[in-house]
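Novice: One-letter residues, chain by chain:
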Amino acid sequence: MTNKETMLIDGVPVEINGEKNLLELIRKAGISLPTFCYHSELSVYGACRMCMVENERGGLEAACSTPPRAGMSIRTNTERLRRYRRVILELLLANHCRDCTTCENNGQCKLQSLAKRFNIEGVRFPNTAEKPLIENSSVSVVRDAHKCILCGDCVRMCNEVQNVGAIDFARRGSKMTISTAFDVPLAESPCVGCGQCAAVCPTGAIVVKNDVEKVWKALDDKNTRVSVQIAPAVRVALGQAFGLPGGENSMGKIVAALRRMGFDSIFDTSTGADLTVLEESGELAARLEEGGHELPLFSSCCPAWVRFCETRFPELLPNVSSCKSPMQMFAAVIREQARASSRRHVHVAVMPCTAKKYEARRSEFCPDGKPDVDYVLTTQELVRMIRESNLIFSELEPEAVDMPFGTMTGAGVIFGVTGGVTEAVLRRLASDKSNSGLMRLAYTGVRGLEGVKETTVEVGGKPVRIAMVSGLGNAAKLIERIRQGEHFDFVEVMACPGGCINGAGQPFVPAEEKAQRSAGLYAADKLCSIKRSEENPLMMSLYGGILKGRVHELLHVHYGAGEEERHG
Amino acid sequence: MNTHEMYQTADAILDRCGREQRSVIAVLQGIQEHYRYLPRELFPYLAEQLGVSEARLYSVATFYENFSLDPKGHFVIKVCDGTACHVRKSIPILERLRSDLGLSDKKVTTDDLLFTVETVSCLGACGLAPVITVNDKVHPGMTPDKASELIKQLREELQNADNA
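First to last, the sequence lines map onto chains E and Y. Take the numbering used here: the final residue in the first sequence is number 568, and no numbers are missing along the way. Take the numbering used here: the final residue in the second sequence is number 1164, and no numbers are missing along the way.
These aren't lab readings, by the way, just hints derived from the structure by calculation. Treat each hint with caution, since some may be false.
Ranges between beta-carbon positions, derived for each pair [said to hold, decoys possible]:
1. Y:G1051 with E:G58: 37 to 47 Å
2. E:E315 with Y:N1163: 46 to 56 Å
3. Y:D1070 with E:G46: 27 to 37 Å
We put the CB at the ideal spot given by N, CA and C, even for glycine.
Build the full structure now, drawing on both the sequences and the hints.
Specialist: Listed below in structure tokens is the structure:
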């Protein structure tokens, strides 16, 4: 644009730079217009009417669904608009459970915070709130239909971004609800447990299942040894809940907090990721060697993706890597090591992910009926536990993880971001083992938070075509392309947009802040003295010890072997 | 119900309406016309063919009053309760039909799947009020007694058809 177009927002001229809607422009201008149903990554729905603005003729327009035009003049804060917003909130609150203090979403609820922001001192309408209507069939999320404000965020997330389509609106008018097809429990629906619906839900209508009490109980039991592993993505998100800058690596503080809370041994899932790198790169190398494969090898780290593949593309299951996820590989090894002790052993995993709760319950990962991972806590649940322990997180002195699994590599750390698994595998496979070769890998197109990345890398003199997708909708589109005949050798799939750093178990941040977490992980990689998984000295002792003759049993899994049981 | 036959029926309708998202309503209408309701067994197949989720189909099917997810009787009797029919006493007709058939506002179809009784808001035949329709055939100027008589006739009709 040569001639800059401008418009007036509350009398102040603002430049239009191709913003899709007024709302974006208004927010760029430093005005935090309230919304329930707007998320930049979802389609515009225009249902909540909180973002109404007044134009120069006194007309009202929804900022989210009005494109900015040159010469426009709008007001965002007038007596009339304030009154409207208050009435909308009052109406929403009229049939909403207002027991905020005991709500799972207390403190994170948009309805609560907007009611506070707009000074709702009373609701003039009769209270028609009904008792909670809890649906807890899923091991990942819990729904309470009576806290739903029908903004449709979850529906659009499930359909547009994830392409899962487990939920949608049902019925109409005052009887409208969010529901699965035929109102079956979520556990019997195509839901993959990614939890992104809970991440965008503005109220407590969909929340992540809370397993905190069970973990406290294990910690309090003197006869139980409790071990814990912490996933890479957790360290760059948890600190935010305690006022640390977004993306700051707070692994040391997390370890310190866990130790104070009474965990007996603390490990880093990055170590498990190193095992995954070795196994998965071996699998890929073998496939490349064999040649003649039309279909790619798909990564298997993400349980929501595995579940998606099982329900939607069962014919592709043979192409999904037989590697367990880092969490499950590591848990199997930790469990083996704990067998030496006679004390009861409980293993906890702190994950950015709600689908991991489901993965831990899968029969494949419950040898002899006992799960390798007893409890999965999301980042947010750990935040809750740290708060409950009255620890001042920001003042904790960083500590290191425990032996005998105390060494990890940068390759394992970057698993938490889309493209990380691929980069880690390539570090292992690349023939150029020099430092500059390592650094060049970062520029081959494996980094970045785009939903679909493609690159061709040379391995052993042969070009290897790789795709990295995040967001299950993108995965479905890529699979369609592969079916049309496009060739890929390796495809990394992460269900959550941007990878695990944006898992539904993480504290929720707007799309703009997500890049900080990825930067935090790449910075953590830089600080690791070992960059390649095969150089981790622990690996050698593991393969020579616990894993000797048992690699297949402990590190691999065969999905689709009669696993008809749904998560529940 | 014969599943093979069901898929064939669905395929014919899908071929006619198109296997794409925008055909959802047309396809559901076709299915409903054939079966007088939307059989749940067909949803997975329809969803796959139309490229939408089952939840979305359910959403559409529950939004429109006209779609039914429960099997309907051989005779679907609609009692008009629009303003004109209402003031000309449509409710006693409805009550008579329900008591004759052992139905209520909750239970709209007889167990033998012969009769379904429901109300509609207006059939657009106010000059003939009060009106009921049986499988889209209009019966004008109804009274409770005429309704009872009609039920009897319909039963006989069915018996004769069975004997033939």
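Novice: Does each hint hold? Answer for all of them.
Specialist: Hint-by-hint comparison with the structure:
no.	hint	in the structure
1	Y:G1051 with E:G58: 37 to 47 Å	holds, 44 Å
2	E:E315 with Y:N1163: 46 to 56 Å	holds, 52 Å
3	Y:D1070 with E:G46: 27 to 37 Å	holds, 34 Å
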